[in-house]
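Take the given structure of chain A and dock chain B with the ligands to it, following the hints.
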Amino acid sequence: MAATRTSRRASARTREPASEGMAKRLAPRRDVPVVELRGVSKVYDGGSVGLEQAWMRIARGEFVFLVGPTGCGKSTTLKLLLKEMEPSEGEVLISGSDVSRIPRRKVPYLRRNIGVVFQDYKLLPNRTIYANVAYSLEVIGEGRASIRRKVPEILRLVGLSTKLHSYPDELSGGEQQRVSIARAFVNHPPLLLADEPTGNLDPETSIGIMQLIYRINRAGTTVIVATHDRDMVDKMRRRVIELQDGRVIRDQLSGLYRPDESTREFGIRLRGESPGAGLEGRPS
Amino acid sequence: MRIGFFVKEAFRALKRSAAPSLAATLTILLTALVLGVFIPIVQATTGTANEVRGRVVVDAYVKPDASGTQIEELRQALIATPNVANVEYISKEKALAREKERNADAYQLLGSNPLPDAFRITPADPDGSEALVASLSSPADEKSADTARAGPLGAIDEVRNREEETEKILSATGLVKLLTAGLAALLVFASIALIANTIRLSIFARRREVEVMRLVGATNWFIRWPFVIEGVVVGLMGGAAAIGLLYLAKVVFVDPLSHRFALLAAPETIHFPLLVALLMGACIAVSALGSGLTLRRFLRV
Ligand SMILES: Nc1ncnc2c1ncn2[C@@H]1O[C@H](COP(=O)(O)OP(=O)(O)OP(=O)(O)O)[C@@H](O)[C@H]1O
Ligand SMILES: [Mg+2]
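Residue numbers (the numbering used here), protein chains in the order written: chain A, 1 to 284; chain B, 1 to 301.
Think of the hints as simulated: they come from the structure by calculation, not from any bench. Keep in mind that a hint or two might mislead.
Stated by the list, open to error - Below, in silico cross-link-like pairs of lysine to any residue (SDA-like), each with a Cα-Cα straight-line distance of 20 Å or less:
| # | chain 1 | residue 1 | chain 2 | residue 2 |
| --- | --- | --- | --- | --- |
| 1 | B | K15 | A | N126 |
| 2 | B | K8 | A | L212 |
| 3 | B | K8 | A | A145 |
| 4 | B | K177 | B | E158 |
| 5 | A | K163 | A | A131 |
| 6 | B | K15 | B | A205 |
| 7 | B | K63 | A | T128 |
| 8 | B | K15 | A | D169 |
| 9 | B | K63 | B | A95 |
| 10 | B | K63 | B | A19 |
| 11 | B | K8 | A | L124 |
| 12 | A | K163 | A | T128 |
| 13 | B | K15 | A | A145 |
Pulled out of the complex, with its shape left as it was, chain A reads as follows (with noise of 0.2 Å):
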């Protein structure tokens, strides 16, 4: 096991120069950000709102948290990344360029240089696991050979080598987690969303995830995970972006996931003496 993953780490840095071009294509310079968030708000057409004048500036190679309470704005922060929606006011920028200004036609070449991680997984329900991963490396015109050698390769490193031929639907909730976490990253995109890519993981799988993620990120990827686990937080140490009601509240380098509580403070939230802090706080 070791030595696999030995293996898979040169293979990970044999392959670094070609996600640095593709990192180059989204950064041409070093001092511009990859992601840039000016003033952004979004609010839904129900009225609900996802961002509030959030700011934010993501630096290429950098790993970053994205934490907060549940309905705080991680996933419409990510959704707005990947042009999914447009901000109802403010500025979305990657690597410079607003994606508002992106034609329909150029999204797809967007997209493709970022590997994004659902949080609802948002597989091809009728094509087997290897089909589904194949397909993002279809869509970039990749070569038969090169993706026969790549799909079983990501599937066993997320652990389903066993289930390449399975449907979505013939698997648990945290296999096919995986199998959204293989697509994002077989082709090495220069930026990497994942939206609670361990929510639905044992520890240990977790950390076999992140370790992966952390990987990535030191071929040179810009990474971004929104998450509610905690433990994977406190443990990487890494910069934290905390939001709340869709306000960036705190911008921290390698921060907690809740730094300021002491387990005297947690007794008190616990023991519901502190109102308004009740279980919407704690990870669902």
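Using the frame of chain A, we list chain B with the ligands on its own:
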């Protein structure tokens, strides 16, 4: 490699959504059958009508006292007249023989031949027969006898348009044509609406799939090609089935009966191979365009 991938995708989708595909195929089949039956019918009635119009003739009766040279000059003059396709000389003897054949008893009673010599003129354009009659007979009616009789046309006694009877046939076939064409148009319209709806349903069922494809960076055409190919395959299957049925109907029913019904044997009826090509083209175009265009709405993600 790309084309192979798209074709494979199309067949994968067809196999998976067998029921909607079958529904689409059947709709195409029905449309093609409707077209396949109505195109020949419309064609045949048009053909019959044209044939009847072809029979429009103008008779120019020759004066009883005209000499042989005058008659020959008249023939030359008639041939030179505009809008004259054919000139046939019918001597009074010939005319009598013909009439006797038709109505032997009536002519038996006549001692002498009451019929004049005549030229039967077939106009090049049946619609211009009225004008032709006018141009041949006007000098006789209005101008002074001397000037008019001077030319070879002077030998004409009377010009008559034999159109009156054909008029009725023409209006009858015209009505049939209009009715069948209207009915066919209606049916085709209904079928096309049905096809569009079938395709919309099958795509609607796959809109989530299309949305995900968009999110992982597939271009519109990358998503669309398999759908278009799927449409072509559906059109091909429906069209082929319809043509098979039509061919069967032709061999079993139409061909054995064709010698009995003038309509079926009408020379202008569309050739079967041409009909096949036309139907196949229509089926494929309709279903390929249908799926390609319907997809537009779901490609806005
Ligand atoms: N499609 C939508 N239509 C209307 N409101 C929405 C929509 N998506 C999200 N919202 C609202 O926007 C707010 C932010 O949602 P978002 O999905 O960004 O939260 P989140 O931080 O990802 O939460 P979670 O941790 O539970 O995934 C919520 O109040 C939610 O109700
Ligand atoms: Mg979310």
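Handout entry: Satisfaction of hint between A/A145 and B/K15, Cα-Cα up to 20 Å
Key = violated (26 Å)
Handout entry: Straight-line alpha-carbon gap B/K63 to B/A19, limit 20 Å
Key = violated (79 Å)
Handout entry: Satisfaction of hint between B/A205 and B/K15, Cα-Cα up to 20 Å
Key = holds (15 Å)
Problem - Pairwise hint evaluation, A/L124 against B/K8, where the allowed Cα distance is 20 Å at most - result: holds (16 Å)
Exercise for the section: Please work out if A/K163 and A/A131 have their alpha carbons no farther apart than 20 Å. Expected result: holds (12 Å)
Handout entry: 20 Å Cα cutoff - pair A/K163, A/T128
Key = holds (9 Å)
Practice task
Would you check the hint for B/K8 and A/L212, treating anything up to 20 Å between C-alpha atoms as holding?
Solution key: Not OK: B/K8 and A/L212 at ~33 Å, beyond 20 Å, violated.
Exercise for the section: Below or equal to 20 Å on CA atoms is what counts here, so check B/K8 against A/A145. Expected result: At roughly 17 Å apart (the allowed maximum being 20 Å), A/A145 and B/K8 satisfy the hint.
Exercise for the section: Measure nothing beyond the straight line between the CA atoms of B/K15 and A/D169; if it is 20 Å or shorter, mark the hint as holding. Expected result: Holds, at roughly 19 Å.
Problem - Hinted pair B/K63 and B/A95, Cα distance within 20 Å - result: holds (15 Å)
Handout entry: Distance restraint between B/K177 and B/E158, which requires alpha-carbon spacing of 20 Å or less
Key = violated (36 Å)
Exercise for the section: Measure nothing beyond the straight line between the CA atoms of B/K15 and A/N126; if it is 20 Å or shorter, mark the hint as holding. Expected result: Distance ~11 Å between B/K15 and A/N126 Cα, so the pair holds.
In terms of the numbered hints stated before, the structure departs from hints 2, 4, 7, 10, 13, listed from lowest to highest.
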